[in-house]
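Residue numbers (numbering that gives the first Met the number 0), protein chains in the order written: chain A, 0 to 349; chain B, 0 to 349; chain C, 0 to 349.
Hints are computed from structural coordinates only; laboratory data are not their basis.
Any given hint could be a false lead.
Identical chains share a label here; the pair holds if one copy fits it or two copies do between them.
What the hints assert, rightly or not - Each computed DSBU-like pair below joins lysine-lysine, with the alpha-carbon atoms no more than 30 Å apart:
#1 Lys119 - Lys297
#2 Lys319 - Lys95
#3 Lys319 - Lys119
#4 Lys148 - Lys203
#5 Lys131 - Lys58
#6 Lys58 - Lys148
#7 Lys113 - Lys203
#8 Lys58 - Lys159
#9 Lys95 - Lys58
#10 Lys131 - Lys327
#11 Lys327 - Lys95
#12 Lys229 - Lys203
#13 Lys131 - Lys95
#14 Lys203 - Lys156
#15 Lys229 - Lys159
#16 Lys119 - Lys159
#17 Lys319 - Lys238
#18 Lys330 - Lys229
#19 Lys229 - Lys319
#20 Lys203 - Lys327
#21 Lys95 - Lys156
#22 Lys95 - Lys119
#23 Lys238 - Lys148
#24 Lys131 - Lys148
#25 Lys148 - Lys297
#26 Lys319 - Lys131
#27 Lys319 - Lys148
Small disclaimer: the values here were computed from a predicted structure and weren't measured.
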Amino acid sequence: MSKTSAGHFFEDFELGQILRHATPRTVTTGDTALYTALYGARFAVNSSDDFAFGLNHPKAPVDDLLAFHIVFGKTVPDISLNAVANLGYADGRFLKPVYPGDTLSAVSEVIGLKENSSGKTGAVYVRTTGCKPDGEAVLTYARWVMVNKRDPGARPKGEKVPDLPDRVDPSLIGAACPGFVAERYDDALAGSRHRFGDYQIGEKIDHVDGMTVEEAEHQLATRLYQNTAKVHFDQMLQKDSRFGRRLIYGGHVISLARALSFNGLANAFHIAAINGGRHVAPLFAGGTVYAWSEILEKADVPNRNDVGALRIRMVAAKDKPCGDFPYKDEKGAYDPAVILDFDYWALMPR
Amino acid sequence: MSKTSAGHFFEDFELGQILRHATPRTVTTGDTALYTALYGARFAVNSSDDFAFGLNHPKAPVDDLLAFHIVFGKTVPDISLNAVANLGYADGRFLKPVYPGDTLSAVSEVIGLKENSSGKTGAVYVRTTGCKPDGEAVLTYARWVMVNKRDPGARPKGEKVPDLPDRVDPSLIGAACPGFVAERYDDALAGSRHRFGDYQIGEKIDHVDGMTVEEAEHQLATRLYQNTAKVHFDQMLQKDSRFGRRLIYGGHVISLARALSFNGLANAFHIAAINGGRHVAPLFAGGTVYAWSEILEKADVPNRNDVGALRIRMVAAKDKPCGDFPYKDEKGAYDPAVILDFDYWALMPR
Amino acid sequence: MSKTSAGHFFEDFELGQILRHATPRTVTTGDTALYTALYGARFAVNSSDDFAFGLNHPKAPVDDLLAFHIVFGKTVPDISLNAVANLGYADGRFLKPVYPGDTLSAVSEVIGLKENSSGKTGAVYVRTTGCKPDGEAVLTYARWVMVNKRDPGARPKGEKVPDLPDRVDPSLIGAACPGFVAERYDDALAGSRHRFGDYQIGEKIDHVDGMTVEEAEHQLATRLYQNTAKVHFDQMLQKDSRFGRRLIYGGHVISLARALSFNGLANAFHIAAINGGRHVAPLFAGGTVYAWSEILEKADVPNRNDVGALRIRMVAAKDKPCGDFPYKDEKGAYDPAVILDFDYWALMPR
Numbered sequence: 000m001s002k003t004s005a006g007h008f009f010e011d012f013e014l015g016q017i018l019r020h021a022t023p024r025t026v027t028t029g030d031t032a033l034y035t036a037l038y039g040a041r042f043a044v045n046s047s048d049d050f051a052f053g054l055n056h057p058k059a060p061v062d063d064l065l066a067f068h069i070v071f072g073k074t075v076p077d078i079s080l081n082a083v084a085n086l087g088y089a090d091g092r093f094l095k096p097v098y099p100g101d102t103l104s105a106v107s108e109v110i111g112l113k114e115n116s117s118g119k120t121g122a123v124y125v126r127t128t129g130c131k132p133d134g135e136a137v138l139t140y141a142r143w144v145m146v147n148k149r150d151p152g153a154r155p156k157g158e159k160v161p162d163l164p165d166r167v168d169p170s171l172i173g174a175a176c177p178g179f180v181a182e183r184y185d186d187a188l189a190g191s192r193h194r195f196g197d198y199q200i201g202e203k204i205d206h207v208d209g210m211t212v213e214e215a216e217h218q219l220a221t222r223l224y225q226n227t228a229k230v231h232f233d234q235m236l237q238k239d240s241r242f243g244r245r246l247i248y249g250g251h252v253i254s255l256a257r258a259l260s261f262n263g264l265a266n267a268f269h270i271a272a273i274n275g276g277r278h279v280a281p282l283f284a285g286g287t288v289y290a291w292s293e294i295l296e297k298a299d300v301p302n303r304n305d306v307g308a309l310r311i312r313m314v315a316a317k318d319k320p321c322g323d324f325p326y327k328d329e330k331g332a333y334d335p336a337v338i339l340d341f342d343y344w345a346l347m348p349r
Numbered sequence: 000m001s002k003t004s005a006g007h008f009f010e011d012f013e014l015g016q017i018l019r020h021a022t023p024r025t026v027t028t029g030d031t032a033l034y035t036a037l038y039g040a041r042f043a044v045n046s047s048d049d050f051a052f053g054l055n056h057p058k059a060p061v062d063d064l065l066a067f068h069i070v071f072g073k074t075v076p077d078i079s080l081n082a083v084a085n086l087g088y089a090d091g092r093f094l095k096p097v098y099p100g101d102t103l104s105a106v107s108e109v110i111g112l113k114e115n116s117s118g119k120t121g122a123v124y125v126r127t128t129g130c131k132p133d134g135e136a137v138l139t140y141a142r143w144v145m146v147n148k149r150d151p152g153a154r155p156k157g158e159k160v161p162d163l164p165d166r167v168d169p170s171l172i173g174a175a176c177p178g179f180v181a182e183r184y185d186d187a188l189a190g191s192r193h194r195f196g197d198y199q200i201g202e203k204i205d206h207v208d209g210m211t212v213e214e215a216e217h218q219l220a221t222r223l224y225q226n227t228a229k230v231h232f233d234q235m236l237q238k239d240s241r242f243g244r245r246l247i248y249g250g251h252v253i254s255l256a257r258a259l260s261f262n263g264l265a266n267a268f269h270i271a272a273i274n275g276g277r278h279v280a281p282l283f284a285g286g287t288v289y290a291w292s293e294i295l296e297k298a299d300v301p302n303r304n305d306v307g308a309l310r311i312r313m314v315a316a317k318d319k320p321c322g323d324f325p326y327k328d329e330k331g332a333y334d335p336a337v338i339l340d341f342d343y344w345a346l347m348p349r
Numbered sequence: 000m001s002k003t004s005a006g007h008f009f010e011d012f013e014l015g016q017i018l019r020h021a022t023p024r025t026v027t028t029g030d031t032a033l034y035t036a037l038y039g040a041r042f043a044v045n046s047s048d049d050f051a052f053g054l055n056h057p058k059a060p061v062d063d064l065l066a067f068h069i070v071f072g073k074t075v076p077d078i079s080l081n082a083v084a085n086l087g088y089a090d091g092r093f094l095k096p097v098y099p100g101d102t103l104s105a106v107s108e109v110i111g112l113k114e115n116s117s118g119k120t121g122a123v124y125v126r127t128t129g130c131k132p133d134g135e136a137v138l139t140y141a142r143w144v145m146v147n148k149r150d151p152g153a154r155p156k157g158e159k160v161p162d163l164p165d166r167v168d169p170s171l172i173g174a175a176c177p178g179f180v181a182e183r184y185d186d187a188l189a190g191s192r193h194r195f196g197d198y199q200i201g202e203k204i205d206h207v208d209g210m211t212v213e214e215a216e217h218q219l220a221t222r223l224y225q226n227t228a229k230v231h232f233d234q235m236l237q238k239d240s241r242f243g244r245r246l247i248y249g250g251h252v253i254s255l256a257r258a259l260s261f262n263g264l265a266n267a268f269h270i271a272a273i274n275g276g277r278h279v280a281p282l283f284a285g286g287t288v289y290a291w292s293e294i295l296e297k298a299d300v301p302n303r304n305d306v307g308a309l310r311i312r313m314v315a316a317k318d319k320p321c322g323d324f325p326y327k328d329e330k331g332a333y334d335p336a337v338i339l340d341f342d343y344w345a346l347m348p349r
């Protein structure tokens, strides 16, 4: 019997199935240093223990997306090794801060299955939760991917399209942010004097800077997350693919855009929820990533008068500065430069 | 008098000579994060403090090969700066686990010298030991290299070919692995349900995945190990060499193959000994590394009923997937794709 | 009002203005591991806690240049985002050792302004100080850059060319080095038997080795320092520049040359002061860096009989080994290979 895992195919998944994923990971300051080196993130709360003390953290929490990528990476060998497309995310919530020293593992439940009309593939919906060893959840999200069948004649083990929210209700967010006194927050160290009240719904912000990505960079990042998807690493395999090249992990683009968004959103210090995300087009090494943001919504956070929540659309574009906010045309088709359309809730001091 | 070291030439080595190597190194979680980013290793015991507690470690030990590379790197300026070939390894044993916070230094003894018939070079055999500051040895190995003479007329200081074992006797292994209760070992977190009893002598495992290597990656790795061999870093020098390119440190290939071998050997959680290793052909940036393994032998570990030892041949190939296990032809010549032939003992829970 | 910072232009600076820079940073062993991986530095005091204990450090201090780059990086968004040239450094002094766990922030004072005759640009002189959260200074330096005007008709807010020393007086150096007993210093572990007394004024040392730089490497480094200068990262922007390529952060070259200088100056374990530095020519990815040093001066350090100070000129050259010490011709023009001319004080055990 083969010792090597070929991953799960569509007919291997069963509605309600629980998958405990391999390789728990103790997050360290080594990971946070690498995260800084990979993206150049400058949010003060993740960079400085001392700044984090002022926000009632015991030390600097790791970047929310670092925790997300580490949890996500564990799911790849079980969920998406045979995926042909990453269809979407929804209902992502950050439940506890993650600090260096915390150990994370991941568990997924199959919450939906839908065979495609071709009979060759199907959509698999999972709810993934990142946990500490005592079972305490630190983050959770739903994700759906299109997965190949091994045997086109196989029957799916259940059929259900789960009901997922269009956006996380703001009454559910903020759990991973300790209460703090906004007056103790130092705007100069944080990098901007613009706080919650200064942002308007509909406001668009060009983040100006661009970042060119190298093969070594995205490979280092994706391995750091112990994400094993072959398409990111194996040029021999990829040269015969329709792209002819290694694909960059979509999460790498999210982190690049988030780091670029510091210039304009420096006080959006915490990602509280991921409402949805779409990798509109692939990115390859040599491409330069730019980003812009739009404020979609503003909300109160339950029992918190120190922070408010901004719902932000973050768009990343490839090889095109974003001064004119490239997005969709009147027919709803994305500008060809757009590679990421990401919708999240961020907290900002009032 | 020159302040710059030109390294030792063949006639500088003396039988019995002790070389205390420079630059002790405190290993940190920064090193382990980089190791993960460089190779994508997923062995749970090195990734999670909590998993390591279950194996009676006080925290996650560093990857055995990270400790090996750090010790090896220190020897380069004294042993192999003028080497023209790395001839072999033998009798490598891991004696104590290495944890973040441990400081390692290296000492080598010249255990053999053999002038070549050309009179221009000679083989130098050393026994290198990696130690903590109190002198406690953490690993030891023999290595032999072919070293240039400065002066072709110089006489060697001794002649001896040391008697080195073909393989480490299993009665000598296991010292760096604390005793643990195999039942506490969580197969789901470890990544495989296949334990010691499931592997058969002669069984071959294709590790399936491939990893394309970039210049920046192997340079970062080799500098992390403070290995100064010019051939890895200096393109100006290398462009006039017979390869025309920078050579990738052979240890980088060993670590890549070991990380790939997780898929099929996830429970082979500890390298207990290195029986031998041969860098069959060089690797250059842009090459894609694949690997396969063969179980050569199974053995008990002295006084241990929790783990067994697998003797494994790990073969790495360049730009060629390993589904057909490329190795040697009937005349004993390696398949042109093979770049590494590595023989080691791994421990696995029973 | 724009939320995005476009940086300061010449007319925005005011004599005496204090700029508190964003993003405090807790330095960690993750940063030190990356620093090692980026440059291959081998100075024992920065590599080993145990070696550092012997020098009366509580643990290994971070490389002096790592602390410098982290402080420098913070100033970029406020000082040099619109700079067209980095004109010089002076009076750099290291005041306290920086250890993993220390948090650094940066404050700059505008100490000089001088409009250029063209009226389109002006020189801005700043004194930057890196501090811990309690305000204790760890390093300080003066720097001047040529900055664009937004409006050519704008008037400068003051005019002054500050009086900066040609070199730091040795009576002012040594504060970041604890007293230690030089006899406890282990030359074998440090990597050289050559101590202070062995170096002569006028002595030149070729550091022999070369290091080829990749795009991913300098980008990782520069992001690690949270330095946001676009010219290092944005190939889309740079392809239309006069170079057509990304420029490598000048500090990356300083660190490479310093790491190479270990071979010949292994006991120059601490940079005590930066007298001046000039980035003579740009470096691009693919270039190979070599270095040589000249001993310019020897000095006592106040109240210290354990160490002496060497004033060193460190020269880096591109794609040219330094056996013939490339520098300036008889007219004072630099050899075309020279990219860095750096003048510093190093401490060395007597």
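Hints breached by this structure: 1, 2, 6, 7, 8, 10, 11, 14, 18, 21, 22, 24, 25, 26
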